[in-house]
Each structure stands twice: as C-alpha cells, then as structure tokens.
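Novice: Listed below are the residues making up each chain.
There are 2 protein chains.
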Amino acid sequence: MKIAELRATPVAIGDPPLRSAFGLHAPFALRTIVEIETDAGVTGVAETYGGEAPLRAFARARPLVLGRDPWELTRIRVDIEKAERVTGNGHAWEARKLRAPALFAAIEVACLDAIGRATGRSVCDLLGGRVRGRVPFAAYLFFKQGGDDPWGEVMTSEAIVGEAREMVRRYGFRSLKLKGGVIDPDREADAIQVLREEFPRVPLRLDPNAAWSRATAHRVAKRLAGALEYLEDPVPGLDAMAEVAATAPMPLATNMCVTAFEHVPEAVAKRAVGIILSDHHMWGGMRATVELGRLCGAFGLGLSMHSNSHLGISLAAMVHVAAAVPELTYACDTHYPWQIDDVIKGGKLRIEHGEVAVPTGPGLGVELDRDALGRLHDEYTRSGLTVRDDVAEMRRRVDPNWRPHVGDW
Amino acid sequence: MKIAELRATPVAIGDPPLRSAFGLHAPFALRTIVEIETDAGVTGVAETYGGEAPLRAFARARPLVLGRDPWELTRIRVDIEKAERVTGNGHAWEARKLRAPALFAAIEVACLDAIGRATGRSVCDLLGGRVRGRVPFAAYLFFKQGGDDPWGEVMTSEAIVGEAREMVRRYGFRSLKLKGGVIDPDREADAIQVLREEFPRVPLRLDPNAAWSRATAHRVAKRLAGALEYLEDPVPGLDAMAEVAATAPMPLATNMCVTAFEHVPEAVAKRAVGIILSDHHMWGGMRATVELGRLCGAFGLGLSMHSNSHLGISLAAMVHVAAAVPELTYACDTHYPWQIDDVIKGGKLRIEHGEVAVPTGPGLGVELDRDALGRLHDEYTRSGLTVRDDVAEMRRRVDPNWRPHVGDW
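Quick note, the sequences are listed as chains A and B, same order.
When you read off a place in the first sequence, starting at 1, and then add 339, the result is the number in my numbering.
When you read off a place in the second sequence, starting at 1, and then add 339, the result is the number in my numbering.
Note that these hints are calculated values from the structure, not bench results.
Please note that a few of the clues may not be correct.
Identical chains share a label here; the pair holds if one copy fits it or two copies do between them.
[As the list claims (entries may be wrong)] Below, computed lysine to any residue pairings styled on SDA-like, alpha-carbon distance capped at 25 Å:
| id | residue 1 | residue 2 |
| --- | --- | --- |
| 1 | Lys561 | Val607 |
| 2 | Lys421 | Val737 |
| 3 | Lys421 | Gly636 |
| 4 | Lys341 | Gly700 |
| 5 | Lys341 | Thr458 |
| 6 | Lys421 | Arg471 |
| 7 | Lys687 | Gly713 |
Just need the whole structure built from these sequences, with the hints factored in.
Specialist: Written as structure tokens, this is what we have:
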C-alpha cells in the first residue's frame, strides 16, 4: 500500500464569540482537513489546526509522504522531524502549529484511518485496542459576548451556571471546565463556587490560561480548596507553576508549559504539574499519546486531554485515542458543542451522558461529507481569515485598547 | 478474531559452561515457547523465560486470554496486571519472570505475530514500521569453563581476545561486550585494554553484573577512560550507581537496577544511569519497548538492548522491535551464537556483518519447527531443570564453596 496523494483543505466553521484570556474567538474557527489517498483504494482522513501556516507545512511534507507505505509511520515521523528541525520559539501558539509533531500527527491520523479501512479494524485497535468503549468529556464553559448564537451574553457567575445547566441538560456532562482568565480572578472563583453549589458532585476545573500572577494563583487556589478537581495553567512557565503547585491544595494541570515530550523532564524535576493535558494534534499523534500515557503512568503524572475548536473528525480521533490509553482517567476537554457545523456524514457525533461512544466501523469510523467540505472551504475563502488571532478580534469587536493578561492579573 | 488456545511448551537448549558474576551456566538454558491459536486459522508464537515459574504464570493467564481478540492488547495487559498484582521483591530475577510485564510480553508477541499473519504485515509494521532494515548486535564475550563445546576454556585476557576474534570472524560483529564480574576486576580491565588494542575502532562494553564495590568501580572506570562505550551495572542499586556515575568517564548502563517503568523516575532523579538496556521480555512487550524508547528520548537517556540465552523466536522479536525504535542506537546484546539449537524452520537466523536483517514475511517472519519443539521439550523433561540457578551450578561443577560477589569485589 502506497500513499498516492496528500490533500489539505482549509475550512472555516462558525464559532460563537467565546472569551478567553487572549481575547475573543473570531466568527470562524479555522481547521484543516487532511486526506491521504492510497493506491489500495482506501483514503484516510484527519483534521488539524487551520489557517495558512498548516497549509504551508503540508505543502512541505508532501514530497516526504507521497509513495510511502502508510504503515511506515515512524520513518515518516523521523523524516519530517529532520526536515522541520527549527530552533527556538517552540512554545508560541502559531509556531507550535508549524512544528513537526503537529504536522506528523495529522499525517499519522490519516494513515491510521487508511490502515484501519484496509484491514477492517478500528483505529483504536491499531493503538492496542480500547480499554473503554465510551469516552467521558467535560462541558467546556466559556464567558462570552452576546451574538447571533442562542447562548446570549455570559459574563457573570449566574450566566455561567445557566450555561452549565444547559450543557448538562443537552449532553449529560458529568465534569465541568470553566475557561478563565477573562474576568477578575476572584469573580472567576465566585463562579466556581456557585457551580460547586449547583453541581455538588461534579468535578470542576478552572483554566485561566496563565493570565494570573503567582500571588493571585496562591490566593485563589487556597480559596478554592476542595472545589476544584484541578487548576489548569494558572500562571505562565514552569517556575511559576512549580511555586504555585508547592502550596496549591489541588493538582495543577497544563497544556501550556508542557506541550512536548522534551518539556517533561524539567516539569518533573520542578514538580511543576500534576496532570498533563494530552492533545494528539500537538504531541505528535495518536501513538505518541499512547506513549505519553505510559510516561505519565511511570512518573505518577495524571493525564487528561486538551481541545481546540474542532469538527467531528478530530472528535473521532480524540475518542479513539482516549479509549486506547489506560492512563487517561480524567474526562477530556472538547469545544464540540460550540460548533454547529461538521464535515462528517450523518450529522455530528452524539454526546450522551457526557460521553462519546467509540465510533464503530473501520478506521476512525467517520466518513467525510464532500458537500460539507466544499461548503466549509468556501466559508474559509470568504472569511478572509488565515490565522487565529483572539487578541485582534477582541480589539476589533470589544475593546480597541485590549491587552491580554500574561501572569500579571 | 478470537484466541482459541494458549499453549506454553517448556524447552531446554544446550548451553556452554559460560561464567557470570552469579556463577556458571547449566548445560541447558530453559525457555518457554508460547503459542496462541486463533479462530481465524492463524497461530502466533513467542518465546520467553523458561522453567516452572513461567509455566505456572501462563496457566494463571489462560482464562484471561482465551476468547479475547488478539488486537485487544492493552485490555489483556490491564487484566493481567490486575490479576498478578503482587507486592515487593520486584527486582529478584526469579520474581521478575513471574511478574505481569513478562507474562503479558510473551502473550503480546504471540498476538502480534498472529495479527501480522492475519493482515499480511510484519510485526515491525504493527509497531510503526522499521526505521532500520538491519539491526546491529554486539558480540557477547564470556569467560567460560572448558567443556564439550569448541570454544574451550576462556579465563584469561588472551583467551577472551581469541574468542572475540572468532566471534568477529564468524558473525562480523562491530561491537564487543564482555560479561564481567567473573575474575578480579583489574584483570577484567586488562582484558578490556587488550581488546581495545586488538580492535581499536570497535565499541567495547563491560558488564560486571553489580559484583563490584563502589571503590572498585570508581577505580576501574577511571582506568578504562576512553576504552568503553559504556560500563554496565558495575555496582548494585541506584544509589551506588549514582555515586559511580558522578565520576565515571563513561556512561553507565543498566539492565539490573532499572527493569521496569516504575524504576525510571528515581533513576532520573539520581542521575544513576545514562543508558537503559531494554528487553521486551521483561519490560512488558514490544509496544512497551517502543514506549520506553520515547521515554528515553524525552529524558536524554540512551537505549540499548539486553539479552538472555534464547532461540530464534526471541531473536526475531528482538530484531522487529529494535528495527522499530528510533531511539535504540546502540548495538543490541544477544546470546544467540552460543546456542547451537533452534526451534525455527530453516535453521538459525543469520548474523552477518554483525547485523540481523528484519525477517520478511508476515508476523515475526519465522516458523515454528514442531519436530524441533518436541525434541527440545524432551530435553527439558530429561534435563530435570526447572529453574535457572547459576550459583548452584557453580557449586556443583567448579567450587563447592562458591558465593557470588554482590557489590563487594
């Protein structure tokens, strides 16, 4: 079996005006749909980061991938790593999308989908088989501006509780995560405490995206003792995280200061984090996530899963890998309920009782809807967006003088 | 595809009177040949530790394995881990053979062989594909008693050089490892220096199997500066290894004080070792070895491969996994040239230019020779051996008052 074609199609999906520590989501989230055609008559599909940078990366990878056997995954990875070897700036968001692990990850998922279709096996089976048939997800609660969406403005504790109630009513979530770093840290702690009262048995998480100062993190963490399952990235960088972790009554989690295997040793040495949020898109793929699980198990680190705005292909991949990793014992993050549209046939994957069943059928178990792909690609072209920029969007729509907090709130 | 039968056949293979820090190899090395029959008409095969303890372990595992899908590997692993959960004594050699990782490893290899045969793919492909088509091995040089074998007595530097010359002539090895802990440490250092002169460009290793004291290890390591690629397990335990590593001019390697994932964090924190010797038989299988490679890469640890006396099925598995792990950059250990017999069709696998080519054909690419299996099983029965005991053998044949050195030489 040989790879005959690699195709990367940029798409834009309608996204509500969600707030983050960085600013505001644009009206469209950008993604890339990756297809690998083989000479065996099967095609594999994957989904990854959007915008121009990934498109350039896939154009660079094309000659490394064409003519290869999709089973030859590690060699393709090593070749991409060699070709993409760059120095510095490994942590910046836009740079990460360009890095070899993200580029290889999308190609790997598409190859595994193709292999699954060729062998009649689920991608999950190619990762060692499932240890769970249904994968729990957390509701992803956001502060948000009002807009065309039915959720309205959500900028108070009361509105967050209303959003949480609706998320739980619709999807049955049994974990709740609040995206923080948006309003005053003590007001976000208020929101957590109101959620705690409203959902007394539901694990809660708060993610200020490194907007807080160490002093704020110490104070708020102490205040939220007993209320949080984990506190995610309260402060920027491993040193600050380590300082907060030393006194925080709950474990700290991260998808910001440990985003690659090479960041783990320093994090371990400094005891900076208790839980790593995996993300197969960023960490180098699904097999890399299985490997990360083993590493976390060995070092006594917890494992959860990070999400960006995404479609059903990414969700299917997230479910397959989460089902295969025994160490992944926390409910996964997902933005999926916030995106109305999708590129898969049969409508969006269902979240029931807060869980997504591992798709049945070979490969990822989802089929690309070419009409939907064409339509969302047209949206991409029309949107004029080529990069995610929450800061610019915030300045444009809400506050021309906006400057995100980075470790200073 | 379901597992319909799990069969474990004990075998004994003729073994020359090799000396180790523990004592003397018995006339037979014990191994177990594991077969998994599936309802899809394919059978998978594996090879692991021998004697009674593994047989009891496979008998315990049988009900956990029958009726399972061979692709369901992680679930089988988790179930075996639960069933085998025992406390303490995780480092003792005999106990290790009984531990869940070793038990699962053999089942995993047989399952991967069956999956490879069912899909027409090489086991190497099931591990992410090969990054090298030929796997380099090191000559495994032993001091030895004289006996029925053609190698004669080897108890001096000169005899070791003669053995090395013959190993290189026959197999083309381009790395040499000397099993130490047998004669006075300074005489072993002499042997290394004579090898260094005789083979000036060949990487050399010395493995005293933790027989030395810290003072001896400091002194001999200093004396062998520039002569050794690595010094393997000079002293027992992570604390002693860390103390020696702090001043040794070459990296320390281990297959004794880091033999499971849970040993890695302490080894890393203490900077006790630079190189881990993987062994899929002991570390929980071939996928676990891929995962160990990722972990070593992340933590800047080198990766090599350990060997016990073994047949061609183990060698094939070692070659498949070594071919699939990019981080495994050292020549692997193998006892294979010391064993004349085999259980695979077509005679022993060939070592040429010090390398073994990844076997072609589906699965492991080797076929069990049932006549040979029956013959070596009869040898097992006749041998009366049920456990490896180099100490008892040494007392019986060489020195009734033998007591192995453990960190005191």
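Novice: So, for every hint listed, does it hold in this structure?
Specialist: Checked hints:
1. Lys561 to Val607: Classified as within; 23 Å inside a copy, 32 Å across copies.
2. Lys421 to Val737: neither (43 Å within a copy, 55 Å between copies)
3. Lys421 to Gly636: Between copies only: 15 Å across chains, 29 Å inside a chain, cut-off 25 Å.
4. Lys341 to Gly700: Both: 22 Å inside a copy, 18 Å across copies.
5. Lys341 to Thr458: both (14 Å within a copy, 16 Å between copies)
6. Lys421 to Arg471: between (36 Å within a copy, 16 Å between copies)
7. Lys687 to Gly713: within (17 Å within a copy, 57 Å between copies)
Hint compliance for this structure: hint 2 alone is broken.
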